[in-house]
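Generate coordinates for the entire structure from the input sequences, incorporating the hints supplied.
For the sequence shown, our numbering gives the first residue as 387, with consecutive numbering after it.
Just so you know, the hints here were simulated from the structure itself, not pulled from any lab data.
You may find that some hints are simply not true.
To be verified - Taking CB as the label site, the calculated pair distances span:
id : residue 1 : residue 2 : range
1  : LEU544    : GLY520    : 33 to 41 Å
2  : ARG641    : ALA446    : 18 to 26 Å
3  : PRO490    : LEU642    : 42 to 50 Å
4  : GLU467    : GLU422    : 32 to 40 Å
5  : GLY705    : LEU642    : 18 to 26 Å
6  : PRO510    : GLY530    : 41 to 49 Å
7  : ASP519    : ARG638    : 36 to 44 Å
To be verified - Listed below are the simulated DMTMM-like cross-link pairs for lysine to aspartate or glutamate, each with C-alpha atoms no more than 20 Å apart in a straight line:
id : residue 1 : residue 2
8  : LYS688    : GLU646
9  : LYS688    : ASP656
10 : LYS688    : ASP699
11 : LYS688    : GLU399
12 : LYS688    : GLU674
13 : LYS688    : GLU633
14 : LYS688    : GLU639
15 : LYS688    : ASP720
16 : LYS688    : ASP723
No experiment lies behind these values; they were computed from the predicted model shown.
Here a beta-carbon is modelled for each residue, glycine too, at the ideal position from N, C-alpha and C.
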Amino acid sequence: MTGWRIEGVFLPEGQAGIGGIDERGRWTDTPPDGGEPVPGRFFLPGLVDAHCHLTVGSGADGWPRPLSFGEARANLRAAREAGITVVRDLGSPGSMTLRLLEEPGGVGLMACGRFLAPEGQYFPELHSPVPADGLIEAALAEVGAGARWVKLIGDFPLLETGAPRPADAVPTYSVDDVRRLVSAVHGAGARVAAHTTTAFAGELVGAGVDSIEHGAGMSEADVAALAEAGGAWTPTLCAVVAPRSGEDAGRRERRLVRRERIGHLLRLADRLGVRILAGTDVVGSVPEEVALLVELGLAPEKALAAASTAACDFLGVSGLRAGGPANLVAYREDPRDDPGFWRGRRRCSSRGGGSVRGGRCRSTTRCRPGRGPRSRGSRSPGR
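If you want it as structure tokens, here you go:
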């Protein structure tokens, strides 16, 4: 076997072209002699899940629970089998995902390590509290252990034992604390992803965080500031606006209002140049997320880019470049015509020493730090 021949339409731009994958799993601009044609007519770099939690599941009570290392490894393997070649895991109990960086046979993984949140403002089963005066030390420890992103919980409800959870989240750390954190993390060569569901998002953007996660509380001005800063937004629509099982009329009405508002902000973000990323959190899938991006107003090619080329560019992952990893998914039909594009997936090549055999992604390449499915879980609130 000397490699693979690729000929068809390259997405999301829709340009016709040819290329190949050599025996090392590397992209070539010219197909190798004798290369076997890859079935399919449409080819998409990727895929990318820019916000997931490989180590978080759902307990019997519906609240999130930490998974075992074996379960996390299985989730990573399932992502690879589904054609996801880059995973940005945005937080894990006990920094478990940092151990996955050295696991052979996985997809490209970017791992944040632990959740950064103070006592009483995050799920207690998922994190060890970080006081404000220990925030920088905790973040730099994760970077030193291989994290290329750190996950800041920017706002969250105040959780009190035996008391109902308040409806509204509040900031976890002061703006000055966040600004110092961002400066230290950037100085160490890493970036900051911030969970936020309130208007505090604007303060987080002003403090210099690199990506906004969820972001339902952003204003138009916040979106404009994020665009000017060159930041990204992962709206996690499956977690934020998708229908929920058993929701009553009041919750449904609030969800629909939130959906309309986020749709408006997404269209604005697209016009202003914010990098929009597709992320599943713990309740969705990449095809579901792409479909929702289209439903809320993104053009199909922009929605596909959010799960492929645009995400790769923002995360610093090479696309289809000569000599680089051949991260590729093939489709029989044009996925731009059907946002539920996963059904048509045929084959993909994983990064590095991957190969394409039997209609499944296979790879022999070890995942490395800085290169970069999820387990079903609770939807409240986003992780």
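Q) For which of the previously enumerated hints does the structure constitute a violation, in increasing order of number? A) 1, 4, 5, 6, 13 and 14
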